[in-house]
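Number of protein chains: 4
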Amino acid sequence: MSNNVKIAVIGGDLRQLAAAKLFADNGIETAIYGFDLYKGDFSSVTKCMTPADAMHGSSAVILPLPCTVDKININAPLHDGKIVLDDLLHRMTGEQILCGGMINIDRPNTYDYYEREELKILNAIPTAEGAIAIALDELPITLHGAKVTILGYGRIGKVLAERLKGLGCIITVAARKDSDLALCESSSYKPIHMRLLSDAVSDADVIFNTVPSVILNEAILDYIDLDTLIIDLAGRPGGVDFEAAKKLGLKVIWALSLPGKVAPVTAGGIIYKTVNNILKQEGVL
Amino acid sequence: MSNNVKIAVIGGDLRQLAAAKLFADNGIETAIYGFDLYKGDFSSVTKCMTPADAMHGSSAVILPLPCTVDKININAPLHDGKIVLDDLLHRMTGEQILCGGMINIDRPNTYDYYEREELKILNAIPTAEGAIAIALDELPITLHGAKVTILGYGRIGKVLAERLKGLGCIITVAARKDSDLALCESSSYKPIHMRLLSDAVSDADVIFNTVPSVILNEAILDYIDLDTLIIDLAGRPGGVDFEAAKKLGLKVIWALSLPGKVAPVTAGGIIYKTVNNILKQEGVL
Amino acid sequence: MSNNVKIAVIGGDLRQLAAAKLFADNGIETAIYGFDLYKGDFSSVTKCMTPADAMHGSSAVILPLPCTVDKININAPLHDGKIVLDDLLHRMTGEQILCGGMINIDRPNTYDYYEREELKILNAIPTAEGAIAIALDELPITLHGAKVTILGYGRIGKVLAERLKGLGCIITVAARKDSDLALCESSSYKPIHMRLLSDAVSDADVIFNTVPSVILNEAILDYIDLDTLIIDLAGRPGGVDFEAAKKLGLKVIWALSLPGKVAPVTAGGIIYKTVNNILKQEGVL
Amino acid sequence: MSNNVKIAVIGGDLRQLAAAKLFADNGIETAIYGFDLYKGDFSSVTKCMTPADAMHGSSAVILPLPCTVDKININAPLHDGKIVLDDLLHRMTGEQILCGGMINIDRPNTYDYYEREELKILNAIPTAEGAIAIALDELPITLHGAKVTILGYGRIGKVLAERLKGLGCIITVAARKDSDLALCESSSYKPIHMRLLSDAVSDADVIFNTVPSVILNEAILDYIDLDTLIIDLAGRPGGVDFEAAKKLGLKVIWALSLPGKVAPVTAGGIIYKTVNNILKQEGVL
Numbered sequence: 255m256s257n258n259v260k261i262a263v264i265g266g267d268l269r270q271l272a273a274a275k276l277f278a279d280n281g282i283e284t285a286i287y288g289f290d291l292y293k294g295d296f297s298s299v300t301k302c303m304t305p306a307d308a309m310h311g312s313s314a315v316i317l318p319l320p321c322t323v324d325k326i327n328i329n330a331p332l333h334d335g336k337i338v339l340d341d342l343l344h345r346m347t348g349e350q351i352l353c354g355g356m357i358n359i360d361r362p363n364t365y366d367y368y369e370r371e372e373l374k375i376l377n378a379i380p381t382a383e384g385a386i387a388i389a390l391d392e393l394p395i396t397l398h399g400a401k402v403t404i405l406g407y408g409r410i411g412k413v414l415a416e417r418l419k420g421l422g423c424i425i426t427v428a429a430r431k432d433s434d435l436a437l438c439e440s441s442s443y444k445p446i447h448m449r450l451l452s453d454a455v456s457d458a459d460v461i462f463n464t465v466p467s468v469i470l471n472e473a474i475l476d477y478i479d480l481d482t483l484i485i486d487l488a489g490r491p492g493g494v495d496f497e498a499a500k501k502l503g504l505k506v507i508w509a510l511s512l513p514g515k516v517a518p519v520t521a522g523g524i525i526y527k528t529v530n531n532i533l534k535q536e537g538v539l
Numbered sequence: 255m256s257n258n259v260k261i262a263v264i265g266g267d268l269r270q271l272a273a274a275k276l277f278a279d280n281g282i283e284t285a286i287y288g289f290d291l292y293k294g295d296f297s298s299v300t301k302c303m304t305p306a307d308a309m310h311g312s313s314a315v316i317l318p319l320p321c322t323v324d325k326i327n328i329n330a331p332l333h334d335g336k337i338v339l340d341d342l343l344h345r346m347t348g349e350q351i352l353c354g355g356m357i358n359i360d361r362p363n364t365y366d367y368y369e370r371e372e373l374k375i376l377n378a379i380p381t382a383e384g385a386i387a388i389a390l391d392e393l394p395i396t397l398h399g400a401k402v403t404i405l406g407y408g409r410i411g412k413v414l415a416e417r418l419k420g421l422g423c424i425i426t427v428a429a430r431k432d433s434d435l436a437l438c439e440s441s442s443y444k445p446i447h448m449r450l451l452s453d454a455v456s457d458a459d460v461i462f463n464t465v466p467s468v469i470l471n472e473a474i475l476d477y478i479d480l481d482t483l484i485i486d487l488a489g490r491p492g493g494v495d496f497e498a499a500k501k502l503g504l505k506v507i508w509a510l511s512l513p514g515k516v517a518p519v520t521a522g523g524i525i526y527k528t529v530n531n532i533l534k535q536e537g538v539l
Numbered sequence: 255m256s257n258n259v260k261i262a263v264i265g266g267d268l269r270q271l272a273a274a275k276l277f278a279d280n281g282i283e284t285a286i287y288g289f290d291l292y293k294g295d296f297s298s299v300t301k302c303m304t305p306a307d308a309m310h311g312s313s314a315v316i317l318p319l320p321c322t323v324d325k326i327n328i329n330a331p332l333h334d335g336k337i338v339l340d341d342l343l344h345r346m347t348g349e350q351i352l353c354g355g356m357i358n359i360d361r362p363n364t365y366d367y368y369e370r371e372e373l374k375i376l377n378a379i380p381t382a383e384g385a386i387a388i389a390l391d392e393l394p395i396t397l398h399g400a401k402v403t404i405l406g407y408g409r410i411g412k413v414l415a416e417r418l419k420g421l422g423c424i425i426t427v428a429a430r431k432d433s434d435l436a437l438c439e440s441s442s443y444k445p446i447h448m449r450l451l452s453d454a455v456s457d458a459d460v461i462f463n464t465v466p467s468v469i470l471n472e473a474i475l476d477y478i479d480l481d482t483l484i485i486d487l488a489g490r491p492g493g494v495d496f497e498a499a500k501k502l503g504l505k506v507i508w509a510l511s512l513p514g515k516v517a518p519v520t521a522g523g524i525i526y527k528t529v530n531n532i533l534k535q536e537g538v539l
Numbered sequence: 255m256s257n258n259v260k261i262a263v264i265g266g267d268l269r270q271l272a273a274a275k276l277f278a279d280n281g282i283e284t285a286i287y288g289f290d291l292y293k294g295d296f297s298s299v300t301k302c303m304t305p306a307d308a309m310h311g312s313s314a315v316i317l318p319l320p321c322t323v324d325k326i327n328i329n330a331p332l333h334d335g336k337i338v339l340d341d342l343l344h345r346m347t348g349e350q351i352l353c354g355g356m357i358n359i360d361r362p363n364t365y366d367y368y369e370r371e372e373l374k375i376l377n378a379i380p381t382a383e384g385a386i387a388i389a390l391d392e393l394p395i396t397l398h399g400a401k402v403t404i405l406g407y408g409r410i411g412k413v414l415a416e417r418l419k420g421l422g423c424i425i426t427v428a429a430r431k432d433s434d435l436a437l438c439e440s441s442s443y444k445p446i447h448m449r450l451l452s453d454a455v456s457d458a459d460v461i462f463n464t465v466p467s468v469i470l471n472e473a474i475l476d477y478i479d480l481d482t483l484i485i486d487l488a489g490r491p492g493g494v495d496f497e498a499a500k501k502l503g504l505k506v507i508w509a510l511s512l513p514g515k516v517a518p519v520t521a522g523g524i525i526y527k528t529v530n531n532i533l534k535q536e537g538v539l
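Residue numbers (the working numbering), protein chains in the order written: chain G, 255 to 539; chain B, 255 to 539; chain H, 255 to 539; chain X, 255 to 539.
Worth double-checking, as some hints may not be accurate.
Pairs involving identical chains hold if they fit within one copy or between any two copies, as the list cannot separate such chains.
Below, a list of computed lysine-lysine pairs in the DSS-like style, where the Cα atoms sit at most 30 Å apart [stated by the list, open to error]:
no.: 1; residue 1: Lys419; residue 2: Lys374
no.: 2; residue 1: Lys515; residue 2: Lys301
no.: 3; residue 1: Lys500; residue 2: Lys515
no.: 4; residue 1: Lys401; residue 2: Lys419
no.: 5; residue 1: Lys501; residue 2: Lys374
no.: 6; residue 1: Lys325; residue 2: Lys515
no.: 7; residue 1: Lys431; residue 2: Lys260
no.: 8; residue 1: Lys515; residue 2: Lys505
no.: 9; residue 1: Lys401; residue 2: Lys431
no.: 10; residue 1: Lys534; residue 2: Lys505
no.: 11; residue 1: Lys293; residue 2: Lys444
no.: 12; residue 1: Lys301; residue 2: Lys260
no.: 13; residue 1: Lys293; residue 2: Lys505
no.: 14; residue 1: Lys293; residue 2: Lys419
no.: 15; residue 1: Lys419; residue 2: Lys260
no.: 16; residue 1: Lys501; residue 2: Lys431
no.: 17; residue 1: Lys515; residue 2: Lys401
no.: 18; residue 1: Lys534; residue 2: Lys401
no.: 19; residue 1: Lys431; residue 2: Lys374
no.: 20; residue 1: Lys401; residue 2: Lys444
no.: 21; residue 1: Lys431; residue 2: Lys419
no.: 22; residue 1: Lys301; residue 2: Lys505
Derived by calculation from the structure, the hints in this document are not laboratory data.
Note that the coordinates shown come from a computational prediction; the quantities given were computed from them, not determined experimentally.
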């Protein structure tokens with residue numbers, strides 16, 4: 255199905271490398287650049303001396319997640335040197351497809367794989383596992399029998415709740431929509447409307463927040479027990495008034511970007527699948 | 255919270271009666287009409303001699319699901335006689351709220367509770383249980399270890415898959431959207447794209463269809479083994495070419511309206527919750 | 255691995271036939287007698303005209319479960335005629351292995367497969383599914399959210415509880431041993447000591463009994479609500495004082511021998527596996 | 255039920271303190287000695303100046319787990335000084351009950367709570383959670399979708415498998431008994447006989463050993479992939495030839511005594527429950 259297709263993977267961490275290996279293992283010629291600090295096995299990918307070599311003849315160029323941190327260079331923690339984003343863009347032909355995570359470039363044939371729903375759904379799995387690992391490491395009690403409150407019932411809330419149920423937690427979910435509360439009931443979690451947030455948090459052993467807005471403000475934090483562990487999984491600005499929590503003596507862990515940290519190989523596999531879907535949709539594969 | 259609020263429940267089956275009892279048990283004055291054939295306990299509801307008595311002073315009038323079958327009379331299988339819908343509508347004041355299932359009336363303050371997302375979500379539970387009961391009754395093998403294919407991954411597909419997993423089935427889900435396929439993967443079901451439908455059905459012990467369009471047409475039915483049981487949960491027109499299936503000698507069970515049949519008391523509780531949400535939203539409760 | 259081994263399957267119902275087909279499908283020459291009323295497919299088994307033909311050259315003879323009902327003839331509901339057990343025994347050579355269910359014969363090389371632990375464990379699965387089917391068919395509420403009490407936490411209790419949890423039941427288990435109560439806690443069921451049996455039954459929507467002694471006697475039955483469904487899975491004498499229950503107006507279903515009734519093909523597969531283990535252990539396979 | 259009963263808790267770590275607090279919270283006068291390094295809250299227990307004060311009038315004396323490390327002093331990591339075991343024994347009256355973990359003393363009315371089945375069953379929960387935490391922390395992939403092999407299907411194997419299933423692992427269990435293999439099948443794990451151990455380990459992402467004998471010897475280790483993580487949960491001598499594993503470059507983590515390390519409060523609660531059962535059985539409570 256992918257005769258003579260070549261792709262280039264330029265910059266990134268173990269995730270991009272894992273994605274590159276998966277493309278190669280699936281029979282696609284895969285050229286990489288920007289991984290010279292990595293000492294492990296490269297499977298059947300082709301290491302190139304320059305970005306141009308990697309890009310030459312490629313139908314698609316895959317950039318990291320995030321694509322860039324400083325808006326100038328490609329994010330390449332495994333590279334000893336800089337890879338200037340603009341240089342790379344100038345070398346691309348109009349037909350080449352460009353895929354990146356959080357990519358913010360005004361160019362046709364450019365796709366932000368981080369915005370794809372299937373990536374967000376699958377990333378919820380390593381996020382949930384990372385959150386569970388934190389709870390297991392930090393709590394002096396078992397998750398079995400622990401009273402857990404999950405704030406928000408989107409992608410992460412759902413995946414996290416399902417796994418915590420398997421570990422024997424007693425689960426309360428706070429959500430806003432009647433339909434989400436019905437879903438919680440269907441999965442046998444105790445549903446509480448967000449407007450009763452203080453009830454939802456006041457008796458928990460551990461609280462997982464997934465809502466990216468400061469819902470655990472000073473007034474609500476006041477209802478939380480000093481023994482309760484708060485794990486905030488929400489992106490900036492987070493869901494906790496961290497200052498107020500500190501003053502009250504509450505333990506809060508803000509856990510960001512878990513997939514790449516706790517399971518880079520799986521996270522790379524998710525990027526592979528998502529980019530694969532994009533390339534199939536665009537007729538490249 | 256509901257001082258002096260009265261509601262009227264007129265017509266319907268055990269579900270409406272169960273809903274009426276729940277309103278009464280929750281402290282709301284509840285008047286009913288149209289249940290004279292029912293011989294059981296009426297809890298604290300008030301049986302009225304006429305619809306007018308029941309409606310008098312009520313803030314809301316609750317009609318059955320479906321509201322009417324013949325478009326003239328209210329659907330009242332537990333009533334010995336007719337209740338003409340138009341008579342009832344003429345007696346209502348403008349402020350009275352009217353709630354019915356599949357109600358198709360052009361009148362302000364009228365709500366179709368069957369269209370509410372939370373009812374659809376919660377109804378998926380008795381639907382799934384009813385579908386499982388059929389499979390348990392019909393198959394000569396256990397569901398444990400059985401190869402199950404679910405077509406469609408909406409509300410019913412999700413709830414059904416979760417329960418079948420708990421029973422030890424080996425589950426394949428056919429869906430169309432990449433995001434739904436990712437959700438399946440997250441729950442450890444084998445995802446197959448709808449365009450490979452023949453692969454999804456060809457090795458199944460039982461197939462549950464939830465898609466309300468004839469996807470199991472003659473060409474696809476041809477891939478299905480004669481031992482395979484097909485349970486169609488989709489509303490009209492169903493998801494199976496029943497004629498073609500019959501010719502091929504395939505066993506198909508078209509299971510409609512399961513909630514009211516398999517768990518009328520629970521289904522009544524779901525109507526109660528949904529109407530309750532409507533009345534709260536409208537400021538009646 | 256089983257060159258030139260022949261076995262004979264004589265008498266029985268669909269289970270024995272399913273077991274015979276599995277032996278044949280696994281490359282063992284399989285001769286059968288006593289299934290002439292069966293109109294379906296016989297796969298690669300050899301139908302014989304006499305028991306002697308089937309037994310001739312066989313390393314093992316497999317009899318039904320139960321082996322006999324009247325203690326004279328082999329239990330053969332699919333046979334039009336009688337097969338006298340003693341005739342058959344007289345024709346057997348000393349080296350031939352005899353396997354039967356509930357077989358009570360004083361003869362060397364004779365094995366009761368019904369007494370094997372692996373059969374009892376695997377039979378718990380169709381038993382549990384059959385019990386769940388009864389509950390689904392009988393209750394006017396969903397199992398989801400239903401309060402279920404299981405009496406006894408042996409093989410059936412464990413398998414049943416695990417599946418009911420997957421269906422969203424709220425589960426209480428009454429058991430006698432501290433270690434069983436600890437196991438229940440580990441699986442998140444509410445454990446109650448058997449000496450507090452009245453507490454365990456008084457608030458249940460459905461009670462499943464697995465203890466083969468009359469623990470639901472008149473005194474305890476008095477604590478049970480009239481709406482509660484009692485499903486007795488215990489072998490004779492059962493676990494319920496049926497007379498007393500009837501007087502109180504309680505609904506009791508005594509469900510015996512579920513595996514052969516609800517899932518004969520699976521139950522036959524379990525007999526196949528168990529006999530297979532016996533024959534391997536004895537060096538025949 | 256426990257009028258005027260007093261107990262003494264002497265020595266130990268956070269687990270003993272948690273147990274002591276639970277006795278006090280349940281209305282039993284609880285005197286402690288040996289926790290002066292602990293700076294937290296003591297709830298309603300009575301801190302004593304000498305072991306004699308604590309023991310005076312007590313119906314039972316509770317010692318740590320393990321009771322002693324050096325066979326002379328009581329194991330008291332939270333105590334600044336020594337508590338000589340023999341001194342304490344000499345002060346005990348004949349009627350006083352003595353409970354300790356791994357206690358090896360020839361004295362009437364002495365109970366080793368570590369030998370109680372319910373403690374072993376409940377301790378399997380924090381052990382399983384600790385093992386899962388290690389896997390989550392060490393693996394570069396998610397447990398979801400990971401191929402997991404569990405060696406042994408006793409208390410820990412069962413509890414661990416149940417939780418890993420909830421996390422979406424693909425589970426193989428190696429066990430010796432046909433009945434255990436049948437149990438695995440019933441829970442939908444792939445059962446492999448111990449005699450085919452090399453098959454069970456050769457394709458795993460992570461192996462959990464629960465068998466306390468060196469089954470992962472040099473010959474078997476040779477079948478294991480270099481990427482595979484081995485977590486040994488077996489008590490001394492462990493289940494792995496650690497020398498051979500090191501030579502082969504395999505990653506092995508020997509995780510001992512997890513309950514006290516990962517969940518001391520829960521582990522203390524388990525000791526409380528177990529001692530409570532002993533004291534009830536002996537008529538003290």
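Status of each hint after checking the structure:
Taking the shortest Cα distances, Lys419 and Lys374 sit within 30 Å of each other both inside one copy (22 Å) and across copies (23 Å). In this assembly of identical chains, the alpha carbons of Lys515 and Lys301 lie at most 30 Å apart only when taken from the same copy (24 Å versus 45 Å across copies). In this assembly of identical chains, Lys500 and Lys515 lie within 30 Å of each other by CA distance both inside one copy and across copies; the values are 25 Å within and 27 Å between. Taking identical chains as interchangeable, the C-alpha atoms of Lys401 and Lys419 lie at most 30 Å apart whether they share a chain (11 Å) or sit on different chains (18 Å).
Within a single copy, Lys501 and Lys374 get their C-alpha atoms no closer than 34 Å, and across copies no closer than 41 Å, so neither meets the 30 Å cut-off. Only within a single protomer do Lys325 and Lys515 lie at most 30 Å apart by alpha-carbon distance; the minimum there is 22 Å, versus 45 Å between protomers. Taking the shortest Cα distances, Lys431 and Lys260 sit within 30 Å of each other only across copies (27 Å), while inside one copy they are farther apart (46 Å). In the homo-oligomer, the alpha carbons of Lys515 and Lys505 lie at most 30 Å apart both inside one protomer (21 Å) and across protomers (20 Å), since each shortest distance falls under that limit.
Taking identical chains as interchangeable, the C-alpha atoms of Lys401 and Lys431 lie at most 30 Å apart whether they share a chain (22 Å) or sit on different chains (27 Å). In this homomeric assembly, Lys534 and Lys505 never come within 30 Å of each other (Cα to Cα): the closest approach is 46 Å inside a single copy and 37 Å across copies. For a Cα distance limit of 30 Å, the shortest separation of Lys293 from Lys444 qualifies neither inside one copy, at 49 Å, nor across copies, at 35 Å. Taking identical chains as interchangeable, the C-alpha atoms of Lys301 and Lys260 lie at most 30 Å apart only when both belong to the same chain, with a minimum of 13 Å there against 61 Å between chains.
Taking the shortest alpha-carbon separations for Lys293 and Lys505, only the inter-copy value of 18 Å comes in at or below 30 Å, while the best intra-copy value is 38 Å. Taking CA atoms no more than 30 Å apart as the test, Lys293 paired with Lys419 passes in neither setting, with 40 Å inside one copy and 34 Å between copies. Taking CA atoms no more than 30 Å apart as the test, Lys419 paired with Lys260 passes in neither setting, with 44 Å inside one copy and 38 Å between copies. For the homomeric pair Lys501 and Lys431, neither the shortest alpha-carbon distance inside one copy (32 Å) nor that between copies (47 Å) is at most 30 Å.
For the homomeric pair Lys515 and Lys401, the shortest alpha-carbon distances inside one copy (27 Å) and between copies (21 Å) are both at most 30 Å. For a Cα distance limit of 30 Å, the shortest separation of Lys534 from Lys401 across copies, 29 Å, qualifies, whereas the shortest one inside one copy, 44 Å, does not. Taking the closest pair of Cα atoms, Lys431 and Lys374 come within 30 Å of each other both inside a single copy (21 Å) and across two copies (14 Å). In this homomeric assembly, Lys401 and Lys444 come within 30 Å of each other (Cα to Cα) both inside a single copy, at 11 Å, and across copies, at 16 Å.
Proximity of Lys431 to Lys419 under the C-alpha cut-off of 30 Å is found in both arrangements, the shortest distances being 22 Å within a copy and 26 Å between copies. In the homo-oligomer, the alpha carbons of Lys301 and Lys505 lie at most 30 Å apart only across protomers (29 Å), although the nearest pairing inside one protomer, at 45 Å, exceeds that limit.
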